[in-house]
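A.B. asks: Kindly generate the complete structure, drawing on both the sequences and the hints.
Protein chains in written order, with our numbering: chain R, 1 to 795; chain V, 1 to 165.
What the hints contain is simulated information worked out from the structure, not anything from laboratory work. In this text the structure is predicted, and so the values were computed from the model without any measurement. For each residue, glycine too, the CB sits at the ideal point set by N, CA and C. One should not assume that every hint holds.
What the hints assert, rightly or not - Stretches of chain V that chain R covers, calculated by requiring three or more beta carbons in the stretch to come under 8 Å of a beta carbon on chain R: (1) 41-55; (2) 77-91.
Stated by the list, open to error - To give an idea of the chain V side of the interface with chain R (calculated C-beta under 8 Å), a few residues: (3) Leu99; (4) Asn101; (5) Glu133; (6) Tyr139; (7) Thr143; (8) Gly144; (9) Gln146; (10) Ala147.
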Amino acid sequence: MSEFDEAAKTLLFDAPNSYVGRSVTRPNARRLTQGRGQYVDDIVLPRMVHVAYVRSPHAHAKIVKIESKKAAAMPGVVRIATGAEIALVCKPYVGVLTHLQGMRSPPQYPLAIEVARWQGEPVVAVVAQSRAEAEDAVDAVEVRYEELPAALDAERALDPSETKIHKEFDSNLCFQRTVDTGGVDAAMKSAHLVVEDTIVFGRHTGVTMEPRAILADYNRAEESMTVYHCGQSPHMMQGIIASRLSLDEHRVRIVARDVGGSFGIKIHTYGDEIAACALSLMLGRPVKFAADRLESFLSDIHARDHRVKAKLAVDRDGNMLALEIDDLTGIGPYSMFPRSSGVECNQVLNLTGGPYKHKEYRARGTVVFQNKNMMCQYRAVGHPIAVAVAEHMVDQAAAKLGIDPAEMRKRNLIADDAYPCKSASGMRFEALSHHQCMDKLLALMKYDGLRREQSDLRKKGVYRGIGLSSFIEVTNPSPMFYGVGGARIAAQDGCTIKLDANGAIVAATGVTEQGQGTETIMAQIAATALGVEMSCVKVLTGDTDKVPYGGGTWASRAAGIGGEAVLQAGLALKANILQAGAVILKTSASDLDIVDGRVVKKGTEQGITLAELARICYYRGNELPVDFQPELVVTRHYRVKDYAFVFSNGAQGCSLEVDIETGFVKLLKMWCVDDCGRVINPKLVDEQARGGIVQGIGGALYEQCLYDDRGQLLNATMADYLVPMAAEMPDIECAHVETPTKTSMLGAKGAGEAGTGGAPAAIMNAVNDALRPLEAKVTSQPITPEIVLRALGKA
Amino acid sequence: MKAAAETLEVSLTVNGEAVKRSVPARLNLADFLRIELELTGTHVGCEHGVCGACTLRVDGEIVRGCLMFAAQADGCTVDTIEGLSDSREIEELQSAFVLTNALQCGFCTPGVLMAAQALLRDEPNPSRERIREYLSGNYCRCTGYQAIVDAIEAVAKARAARSVR
Numbered sequence: 001m002s003e004f005d006e007a008a009k010t011l012l013f014d015a016p017n018s019y020v021g022r023s024v025t026r027p028n029a030r031r032l033t034q035g036r037g038q039y040v041d042d043i044v045l046p047r048m049v050h051v052a053y054v055r056s057p058h059a060h061a062k063i064v065k066i067e068s069k070k071a072a073a074m075p076g077v078v079r080i081a082t083g084a085e086i087a088l089v090c091k092p093y094v095g096v097l098t099h100l101q102g103m104r105s106p107p108q109y110p111l112a113i114e115v116a117r118w119q120g121e122p123v124v125a126v127v128a129q130s131r132a133e134a135e136d137a138v139d140a141v142e143v144r145y146e147e148l149p150a151a152l153d154a155e156r157a158l159d160p161s162e163t164k165i166h167k168e169f170d171s172n173l174c175f176q177r178t179v180d181t182g183g184v185d186a187a188m189k190s191a192h193l194v195v196e197d198t199i200v201f202g203r204h205t206g207v208t209m210e211p212r213a214i215l216a217d218y219n220r221a222e223e224s225m226t227v228y229h230c231g232q233s234p235h236m237m238q239g240i241i242a243s244r245l246s247l248d249e250h251r252v253r254i255v256a257r258d259v260g261g262s263f264g265i266k267i268h269t270y271g272d273e274i275a276a277c278a279l280s281l282m283l284g285r286p287v288k289f290a291a292d293r294l295e296s297f298l299s300d301i302h303a304r305d306h307r308v309k310a311k312l313a314v315d316r317d318g319n320m321l322a323l324e325i326d327d328l329t330g331i332g333p334y335s336m337f338p339r340s341s342g343v344e345c346n347q348v349l350n351l352t353g354g355p356y357k358h359k360e361y362r363a364r365g366t367v368v369f370q371n372k373n374m375m376c377q378y379r380a381v382g383h384p385i386a387v388a389v390a391e392h393m394v395d396q397a398a399a400k401l402g403i404d405p406a407e408m409r410k411r412n413l414i415a416d417d418a419y420p421c422k423s424a425s426g427m428r429f430e431a432l433s434h435h436q437c438m439d440k441l442l443a444l445m446k447y448d449g450l451r452r453e454q455s456d457l458r459k460k461g462v463y464r465g466i467g468l469s470s471f472i473e474v475t476n477p478s479p480m481f482y483g484v485g486g487a488r489i490a491a492q493d494g495c496t497i498k499l500d501a502n503g504a505i506v507a508a509t510g511v512t513e514q515g516q517g518t519e520t521i522m523a524q525i526a527a528t529a530l531g532v533e534m535s536c537v538k539v540l541t542g543d544t545d546k547v548p549y550g551g552g553t554w555a556s557r558a559a560g561i562g563g564e565a566v567l568q569a570g571l572a573l574k575a576n577i578l579q580a581g582a583v584i585l586k587t588s589a590s591d592l593d594i595v596d597g598r599v600v601k602k603g604t605e606q607g608i609t610l611a612e613l614a615r616i617c618y619y620r621g622n623e624l625p626v627d628f629q630p631e632l633v634v635t636r637h638y639r640v641k642d643y644a645f646v647f648s649n650g651a652q653g654c655s656l657e658v659d660i661e662t663g664f665v666k667l668l669k670m671w672c673v674d675d676c677g678r679v680i681n682p683k684l685v686d687e688q689a690r691g692g693i694v695q696g697i698g699g700a701l702y703e704q705c706l707y708d709d710r711g712q713l714l715n716a717t718m719a720d721y722l723v724p725m726a727a728e729m730p731d732i733e734c735a736h737v738e739t740p741t742k743t744s745m746l747g748a749k750g751a752g753e754a755g756t757g758g759a760p761a762a763i764m765n766a767v768n769d770a771l772r773p774l775e776a777k778v779t780s781q782p783i784t785p786e787i788v789l790r791a792l793g794k795a
Numbered sequence: 001m002k003a004a005a006e007t008l009e010v011s012l013t014v015n016g017e018a019v020k021r022s023v024p025a026r027l028n029l030a031d032f033l034r035i036e037l038e039l040t041g042t043h044v045g046c047e048h049g050v051c052g053a054c055t056l057r058v059d060g061e062i063v064r065g066c067l068m069f070a071a072q073a074d075g076c077t078v079d080t081i082e083g084l085s086d087s088r089e090i091e092e093l094q095s096a097f098v099l100t101n102a103l104q105c106g107f108c109t110p111g112v113l114m115a116a117q118a119l120l121r122d123e124p125n126p127s128r129e130r131i132r133e134y135l136s137g138n139y140c141r142c143t144g145y146q147a148i149v150d151a152i153e154a155v156a157k158a159r160a161a162r163s164v165r
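C.D. replies: Have a look at this one:
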């Protein structure tokens, strides 16, 4: 089923001058190499002041008294505001999606009022002439707290004896969901083998190199608010800020220039950012908040923190019959607004076992409140958990049956010719290529040779491990992701494209750039659609006053959805240009084409440049017939209609060595084969895979937010929180399979999260492959040396 | 609060220009460059000397701008990413970074380029392992590092090839 003409696609994308499929460099990269980026903290406005926050030192405490007289008298202090004062101008928000049935979360205010519910929650705002003066005064604000018992352990969250975090709820339950095909028990009973395990995933966070920052500039004369925000979703923020502060949405402008890494961190409603906007409204002048690194660790959303009990039933030949999982996750004291903190668990339920043929599936997900920092969507939401759980179970069953892990996957992966079809969890797949990807991966890895080398080295006491993972990735989401649940987050995206008066093309898109290469691929698509050089195309992003309404960049949607809008807008503009060309050249539009920036009669060089056409249309309308009005600006929008999500898929491999004396894991190499549909820029896709894999490596081996038993975050500095560094990272080899989606003409699926989704599974399987001869096994991430030594009985 | 208010006179050369300022004693060099001189290419990532985003050159050696007070730079020659770009000293590295896509968000990039230039000055022909080891003080959350290593290696090889000819 396709509304798009196959022949037209071939003509467009396979044409000699097509930019689609070419690894062109990024026009906006050179500026960044020269230090000429403009991140929010680089922006200085007249009369700008800075806000810093008094944050709760306790995980759970009653705020008894706030004494700020001394602080208010400190040098440079402009204003001190409590949560109650901010609430006078800012409405609270509730982070629930109605389609996640039964989900609940109480109203949340930018600053804590009466009770602070996690260590690091902002309590008092201090505005001063400089950040340093604001921090000095923060130290002088006296807040008297009465510490309350903290509910920290997700396992205990629903125990009747546990502290209840919100008095309006009878328990700490936020959301619960089950999926059940009905035949799991019977399948388990009759199975040849049932393997069982509990897999634990630690809490980690995004650690964007640029900490969160916002600069809000309220103009009383216009009743307008301009907000410079380092974020991924300008229109979403526009709606949130307008509605919370009771401003007209069309008078709120969000500008997102350069963003120093986001990965899902900068797409949520943070109290310290909303309070900065509220303070600008209160003061009538620009207010900047730039988080320092300690604040980032304490208040940037955390992610993962799942405990999954899993059971897999297989027959004698290793065919998977039934999979059962029970996922428990703690999300902090509130569900994050507006995307909610139930989505990661929901994704785990939807995605676990998704690549495989088993018919029976039962899953239960439980999301609970706790007195820790809030959790929400970070790169590859739910995927690292879903993939690691299924892949671990597949390997456990394969090992018990003596089947090679690659062979085990080939027996169970959904056949490449079985599409369209549904997973046991009910996900609809349009067209995936698990077998092609796995075959390509094994060839790339030289899998058999690796296995031989592994067995030779084992005889010498060297423990190498080889791990595989097959995965699906949610990309190009339809309104069924957020819109259906009542969130004002656009699934559609638009592009306004114009021919300017000098013959150049300017394309404004609702998707945003955080370094992925969004602007580059949009220029590639626009240039291809129009038949011009890419250097003639300028792309605008990240400004709600200048770009059409859209969702921004998240859930691997920019290329697939934003790209299709650019393609459709580009083709529509081309048609309008050809129409104008036909009038000027006194021929019919169907006889014309645009080649190398010139409107020419097909098959000839006869014609005019776009600059000449633009000149006539814009300045010399007197030369045109009275009944013809050229339209050289067009807008097109696009949304995914046929599927809830357009799934991509892929396979990853890992080779590593475990030092069984120290427990250290040394990564030797990783491989990734990804099918993201039509590849627009192979180099940029590879770099998304590599960067994503390294973030997956971080979660699998190093990164963890460590809390003590009073809810204090113990490692909130970059010196104490380990992220992947250059020396420990392996080279990563990438390859592609291309199964273009037929839901768009462009055929692109997303590629931003596959690396992060698939890597932890491949790594954990490789570690367990290395440890297998020692009858040891790890089942929790990050796989630190201590975890390995404990598995070996040495710690 | 006395320490916070205390100021010191400093004279230094920044990107070849003489600069004279009165600075708070507690102001670090990275903030001095960013706030006082509006040289915002130096980025502040961790304020602990760990992430490398504020890497600068002081008297020819790379330092962490967040671990040095502005007052300590009195009499020094300071080079920032803006200076090395304007003088075209690191143009070859910058081009290689663009070509291999050795940057995504660009926040770590000025610091990484500073470090790369220092490495190639002292060790013109480093192995990939050596490049990776040398960059251990420069965090990047976007690229996974491989493209950065590729870019630096490519420049080293190109320079070696030129010196043979």
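A.B. asks: Hints first: check each against the structure and report whether it holds.
C.D. replies: To see whether the hints hold, each was checked on the structure:
Figure legend: the region 41-55 of chain V, annotated as covered by chain R; annotation consistent (11 residues with Cβ-Cβ distances under 8 Å, at least 3 required). Only residues whose beta carbon comes within less than 8 Å of a beta carbon in chain R count, and the region 77-91 of chain V has 4; three or more means the coverage holds. Hint on Leu99/V holds. Least Cβ distance to chain R is approximately 6 Å, under the 8 Å limit. Taken as an interface hint, Asn101/V checks out: its beta carbon lies about 5 Å from the nearest beta carbon of chain R, inside 8 Å.
Against a cut-off of 8 Å between C-beta atoms, the interface hint on Glu133/V holds, since the closest Cβ of chain R lies about 5 Å away. The interface hint given for Tyr139/V is met, as the beta carbon of that residue sits about 6 Å from the closest beta carbon of chain R, less than 8 Å. A cut of 8 Å between beta carbons decides the hint on Thr143/V: the least distance to chain R is about 5 Å, and the hint holds. Hint status for Gly144/V relative to chain R: holds, with the closest Cβ pair at about 4 Å, below 8 Å.
The interface hint given for Gln146/V is met, as the beta carbon of that residue sits about 5 Å from the closest beta carbon of chain R, less than 8 Å. A cut of 8 Å between beta carbons decides the hint on Ala147/V: the least distance to chain R is about 6 Å, and the hint holds.
In summary, this structure violates none of the numbered hints.
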